[in-house]
Amino acid sequence: MKKQYVLKKVLQSLVTIFFVIVFNYFLFRIMPGNPLSMIMRNPRASAEAIERTKELFGLGQPWYMQFFIYLGNLFEGDLGLSFIHKRPVIEVVWSRIMPTIIMVGLAQILSIVVGILMGVISAWKRGTKVDVIALSFSLITYSVPTFWLGIILIAIFSIGLRLFPTSGMLTPGRTFYNTLSMIRDYASHLFLPVLTLSLVLIGEYALTMRNTLLDVLTEDYMTTAKAKGFDDNYIIKKHAIPNAMLPMITLIAINMGLIIGGTIQVETIFSWPGLGRLMYEALNGRDYPLLQGIFLLITISVILANLIADITYSYLDPRVKS
Amino acid sequence: MSTIKKEMRKRKIDSFIKSYKTNKMGLIGGAILAFFIITSIFGPLIFPFNPMEFGQASNVLQPPSASHILGTDDLGRDVFRNLLAGGRVSLMVGILATIISMLLGTTIGLMSGFLGKKTDMILMRITDFFLVLPWLPLVLVLAAILGTSIWNIILVIGLTSWAGTARVVRSQTLSLKERPFIERVRAIGADDKTIIIRHILPNVFPLVFANTILVSAVAILSETTLSFLGLGDTTRASWGMMLHYAFQSGAASSGAYWYFLPPGICVVLVVLSFTFLGYAFDEILNPKLRRR
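First to last, the sequence lines map onto chains S and Z. Per the numbering used here, the first sequence starts with residue 1, numbered consecutively. Per the numbering used here, the second sequence starts with residue 1, numbered consecutively.
Hints are not guaranteed to be accurate.
Using C-beta positions, here's what the derived DEER-type ranges look like [unchecked claim]:
id	chain 1	residue 1	chain 2	residue 2	range
1	S	LEU304	Z	TRP151	32 to 38 angstroms
2	S	LEU7	Z	THR107	33 to 39 angstroms
3	Z	PHE35	S	PRO172	43 to 49 angstroms
4	S	TYR177	Z	ARG125	55 to 61 angstroms
5	Z	PHE47	S	ASN233	57 to 63 angstroms
6	Z	THR119	S	LYS129	46 to 52 angstroms
For lysine to aspartate or glutamate, the following EDC-like pairs were computed, each having C-alpha atoms within a straight-line distance of at most 20 angstroms [stated by the list, open to error]:
id	chain 1	residue 1	chain 2	residue 2
7	S	LYS8	Z	ASP128
8	Z	LYS117	Z	ASP128
9	Z	LYS24	S	ASP131
10	S	LYS2	S	ASP220
11	Z	LYS177	Z	ASP120
12	Z	LYS117	Z	ASP191
13	Z	LYS117	Z	ASP192
14	S	LYS237	S	ASP131
15	S	LYS9	Z	ASP128
If you are wondering where the hints come from, they were derived from the structure by calculation, not from laboratory data. The beta-carbon is built from N, C-alpha and C at its ideal position, and this holds for glycine as well.
Construct all of the structure, not just a fragment, from the sequences and the given hints.
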């Protein structure tokens, strides 16, 4: 049963990935004319890039052949040549992955821990001042544009208090005599981006945790537990929270879109040299091959994240059947 | 319309107004939104603003004063006037994009739920596809390809935000379709079109309404983010464009708070007011969905 369910989900994801590839392919060709006309108009495109694009798209061949050529190149990891960087897209993208993983990873851990805690307290103290404050916090952080929050934090912590640098990953031109001083410099650059992204995510996690916990509290087995004479503290810890944690797994996957959106903005504001910043650079340089490559990578990772969440969920919650 | 129906509708509206009046969140949201709608309609008439008209070099990035109550920007333009004009653009984008999204989402949801079978399968696959695609990158890529006029931005936001509405409408349609009153209407001889428009749509509408208001919040945030990231319409002075110029000119590092704070605060307030209204209407109109 379980195997069937997993297989079905994997197949579904593969189909979606295929659609994404098709979508991605046509998206960048909906401009009138061929891909070349789009690239020729870009003053940054070098002769080499134009030649490579011709080759990559198999121009001159019928459209379905062009699509298969694109597909074939894709499977070999060939995403074309970036206009700005004059290097293969795959290389450029690869070099920017690590900073994003570190930044987003830290922000995720921080916001999940704080968000869940806040959600539990909120549900536990429902209707009190603490709950109202937590709810307002969640609603306000939802309404604040991420990049603007970043600007405010820069104005306060970097310009006003001079506690953290405004941008970059390491202080430029500085020589480090030991690893520790380098890590310290790195961490001080990392602090504000992680804080900004976390603030945006905490509210989302807190709100969901609160609502699922409140849903769980009305289940019959909670009444049963109460009837058995367990005290409230025990019931919340042993019965309610474990059950409320389940939907959080799905939320982490659903939140991928939100996280990616936030990352693009945060990295842009703080010049954090990750994928989000790269996307911003690609957008403003109208570097279409690079943009296409990043978009493909992002969408495929979102689909995979959803798949992993679905499978994990099915193993944790025995009620999920095929 | 028969008198009974008229009476029923009137009663419904009366009870809606009654519950709205006691809903704190809804009242606050409504008041904030009304304030911004009024200022965006009349503000630019009283204090006109031309984004292409730059001030003198001596008048650049001036802090608030009697002649410029919110100071001037890096091109010597009056921030307060820009703010009023910006509200008009941002609200317009939000409302028009929402209308596109609502029409698409409702139509697809109704068709999917009512027609079922293959139509349902295909439409729901497309919906899932749009739900799974990460929203901001999609919007950014579409805007970059289509070009950055305000109409393209509205179109892009509308075309990418309907999936949630379609889902909600579909599930509601599915449950309505099985209700006895639909069967009764069908027995009298009503065709599909009549059933959908006269009987299903009015019952789905409250749900769409609450959902739509939440979409408006997303649409306004999208326009702000798009403009900020350099994909905005440079000929329109939206709040997002203000923030874009503020950041580009280094307003944060030069301490020009009067330049980068007001547009951001306005965006937050408007988005918050839509969110409040959305939650309030959801509570009033869909008591079954109410989370305690």
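Quick one, are LYS2 of chain S and ASP220 of chain S close enough, alpha carbons at most 20 angstroms? 27 angstroms, violated
Given a hinted range of 43 to 49 angstroms, is it respected by the beta-carbon distance of PHE35 of chain Z and PRO172 of chain S? 46 angstroms, holds
Mind checking the hinted window 46 to 52 angstroms against the Cβ distance between THR119 of chain Z and LYS129 of chain S? Taking Cβ atoms as reference, THR119 of chain Z and LYS129 of chain S lie about 51 angstroms apart, which means the hint holds.
Has the given pair, LYS237 of chain S with ASP131 of chain S, been kept, meaning a C-alpha gap of at most 20 angstroms? Between LYS237 of chain S and ASP131 of chain S the Cα gap is close to 19 angstroms, so the pair holds against 20 angstroms.
Are LYS24 of chain Z and ASP131 of chain S close enough, with their CA atoms no more than 20 angstroms apart? 16 angstroms, holds
Taking 20 angstroms as the top limit, are the C-alpha atoms of LYS8 of chain S and ASP128 of chain Z close enough? Answer holds: LYS8 of chain S to ASP128 of chain Z is near 16 angstroms, not above 20 angstroms.
For the pair supplied as a hint, LYS117 of chain Z and ASP192 of chain Z, confirm whether the alpha-carbon distance does not exceed 20 angstroms. Given that 20 angstroms is the threshold and the Cα spacing comes to 15 angstroms, the pair holds.
Does the beta carbon distance between LEU7 of chain S and THR107 of chain Z stay inside 33 to 39 angstroms, or does it fall outside? 34 angstroms, holds
20 angstroms Cα cutoff - pair LYS117 of chain Z, ASP191 of chain Z: Roughly 18 angstroms between the alpha carbons, so the hint for LYS117 of chain Z and ASP191 of chain Z holds.
Straight-line alpha-carbon gap LYS9 of chain S to ASP128 of chain Z, limit 20 angstroms: Cα-Cα ~13 angstroms, so holds.
Just tell me: holds or violated, for the beta carbon distance of TYR177 of chain S and ARG125 of chain Z against 55 to 61 angstroms? Cβ of TYR177 of chain S to Cβ of ARG125 of chain Z: about 58 angstroms, so the range 55 to 61 angstroms holds.
Mind checking the hinted window 32 to 38 angstroms against the Cβ distance between LEU304 of chain S and TRP151 of chain Z? 35 angstroms, holds
This entry does not satisfy hint 10, going by the numbered hints stated previously; all others are met.
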